[in-house]
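Take the sequences, apply the hints, and build the full model.
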Amino acid sequence: MRHLILDNGLRVVLDARPGAPVTGVAVHYGIGFRGEPAGRSGFAHLFEHLMFQGSAHVAQGEHFSHVQASGGTAGGSTHQDYTDFYQVAPAAALERLLFLESDRMAGLRLTEDNLDTQLRVVKEEILTNVTHRPYGGFPWTVLPGVLYESFANGHNGYGDLRDLERATIRECAAFHEAYYAPSNAVLTVCGGFDPDRTAELVQWYFGRIPGRPTAPLPQLGEPAPDTERCGTHQDGHAPLPALALGHRMPDPGRELPAYVAHMVLSALLTGTERSMLARRLVTGTRLATAVRSGCGFFGPLQARDPDTFQLVITHPRDTAPDDLLAETDALLRELTDHGPDPTELAHTLARLRTSTTRGYDNLLVRTRHAGAFELLHGRASLIDDLPALIGAVDADAVSTTAGHLLSVPRAVLRLRTREEALV
0 MRHLILDNGL
10 RVVLDARPGA
20 PVTGVAVHYG
30 IGFRGEPAGR
40 SGFAHLFEHL
50 MFQGSAHVAQ
60 GEHFSHVQAS
70 GGTAGGSTHQ
80 DYTDFYQVAP
90 AAALERLLFL
100 ESDRMAGLRL
110 TEDNLDTQLR
120 VVKEEILTNV
130 THRPYGGFPW
140 TVLPGVLYES
150 FANGHNGYGD
160 LRDLERATIR
170 ECAAFHEAYY
180 APSNAVLTVC
190 GGFDPDRTAE
200 LVQWYFGRIP
210 GRPTAPLPQL
220 GEPAPDTERC
230 GTHQDGHAPL
240 PALALGHRMP
250 DPGRELPAYV
260 AHMVLSALLT
270 GTERSMLARR
280 LVTGTRLATA
290 VRSGCGFFGP
300 LQARDPDTFQ
310 LVITHPRDTA
320 PDDLLAETDA
330 LLRELTDHGP
340 DPTELAHTLA
350 RLRTSTTRGY
360 DNLLVRTRHA
370 GAFELLHGRA
380 SLIDDLPALI
390 GAVDADAVST
400 TAGHLLSVPR
410 AVLRLRTREE
420 ALV
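Quick note on numbering: numbering that gives the first Met the number 0 labels position 21 of the sequence shown as 20, and the sequence is numbered without any gaps.
FYI, nobody ran anything at the bench for these hints, they're computed from the structure. Where a beta carbon is used, it is the ideal one built from N, C-alpha and C, also for glycine. Incorrect hints may appear among the rest.
Derived Cβ-Cβ restraints for the label pairs, each shown as a range [as the list claims (entries may be wrong)]:
no. : residue 1 : residue 2 : range
1   : G60       : D340      : 52 to 62 Å
2   : G298      : Q67       : 38 to 48 Å
3   : S76       : Q202      : 21 to 31 Å
4   : H346      : F63       : 41 to 51 Å
5   : G38       : E61       : 32 to 42 Å
Listed below are the simulated EDC-like cross-link pairs for lysine to aspartate or glutamate, each with C-alpha atoms no more than 20 Å apart in a straight line [unchecked claim]:
no. : residue 1 : residue 2
6   : K122      : E148
7   : K122      : E111
8   : K122      : E199
9   : K122      : E176
10  : K122      : D159
11  : K122      : D112
Below, the structure written as structure tokens:
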């Protein structure tokens, strides 16, 4: 893996995979929905859409058509602390992909028509994925508002429709100027390519973009809760009620082994239908119909500190949420006091290491995660280091992690169905 920094501040990760017939290109910008201003919730996601509406030498909609004509695919996504744009295509199309990404980094075609069109698209996306969908956006759009106090950490990243409707072209241009600068971005190239030739192409296409300062991002740090925080979310489309628990996690920048131990604990609890918490709540007490857990709302290591360990339990209407909390806490106390079964821990570690390694055999996943890890943590090599970090987690680390979840006050969010609201 080769790293470059251009004169304009752009960080570059070149991850050559000899013999690969395809190449992935991703650009990660250090601005996500935790960086959007108060009163403009959803702006970062809206801007992701605007990045496909044309640039100096690419007309509206042509980015997709150029990539598809090369036999590839393209997309973008908005996360808490970054927005990424990515494409995978045959290796022969690499120069075209670099041109397309550099052109929209240099500047966009922002028009009132484009803004109005994308506002309608985003509104429809919210209606489809959240408003009219059972468990839509649950819990990532609502649990942060219970666990965290600041606007940056707690607001709904999809945004309030009234906030979105107030967005202006001038604000969009200022947003690109402030955050879509080379010095606030990471370019990742992964797959089949010649590193020396690619470094020259990167310099040619991206090195000509003038460097400029970026606007400061909000400070995300805030104290952990000193008492348990509770909230309720109404979902008229959900067939069954649910419970979401949110716990603050260690800072991955300063406490990476402790963070990874949370990944292992999650796999122990709910990694399969036979995992510990699933056995206890679903097949044992039958208090729940499904359980899942995870590190981060968008996956492990996909955000800066503070990040969230979440546990989501779907349950029958006659199950009392307090019973679910009691059973979950009892299991965590058992792990704290006695540790996991050695055989179960060994199997969980092997399964998690294998799935992580195989996941990064996927070129698109490898490209996107390398860029995210470099931007967020300064360590693109985590895509290769994670399996060993997972394997280093022992029973004592799992016990400590379970104790951490018990000792730090959490957020408890109850999802109520339409039927419950009528009672």
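Here is how each hint holds up against the structure:
For G60 and D340, the Cβ-Cβ distance of about 55 Å falls inside the hinted range of 52 to 62 Å, so the restraint holds. The supplied range of 38 to 48 Å is broken by G298 and Q67, whose beta-carbon atoms lie about 27 Å from each other. The supplied range of 21 to 31 Å is met by S76 and Q202, whose beta-carbon atoms lie about 27 Å from each other. A hinted range of 41 to 51 Å holds for the C-beta pair H346 and F63, which are about 43 Å apart.
Against the hinted window of 32 to 42 Å, the Cβ-Cβ separation of G38 and E61 comes to about 33 Å, which satisfies the hint. Restraint check for K122 and E148: not satisfied, since their Cα atoms lie roughly 26 Å apart, outside the 20 Å limit. Distance check on the hinted pair: K122 and E111 sit about 16 Å apart at the alpha-carbon level, within 20 Å; holds. Under the criterion of a C-alpha separation no larger than 20 Å, the hint pairing K122 with E199 is inconsistent with the structure, at around 41 Å.
A distance of roughly 25 Å separates the Cα atoms of K122 and E176; the hinted pair therefore is violated under the 20 Å criterion. Among the hinted pairs, K122 with D159 is consistent with the structure: their alpha-carbon atoms are about 10 Å apart, no more than 20 Å. The straight-line distance between the Cα atoms of K122 and D112 is roughly 15 Å, inside the 20 Å bound, and the hint therefore holds.
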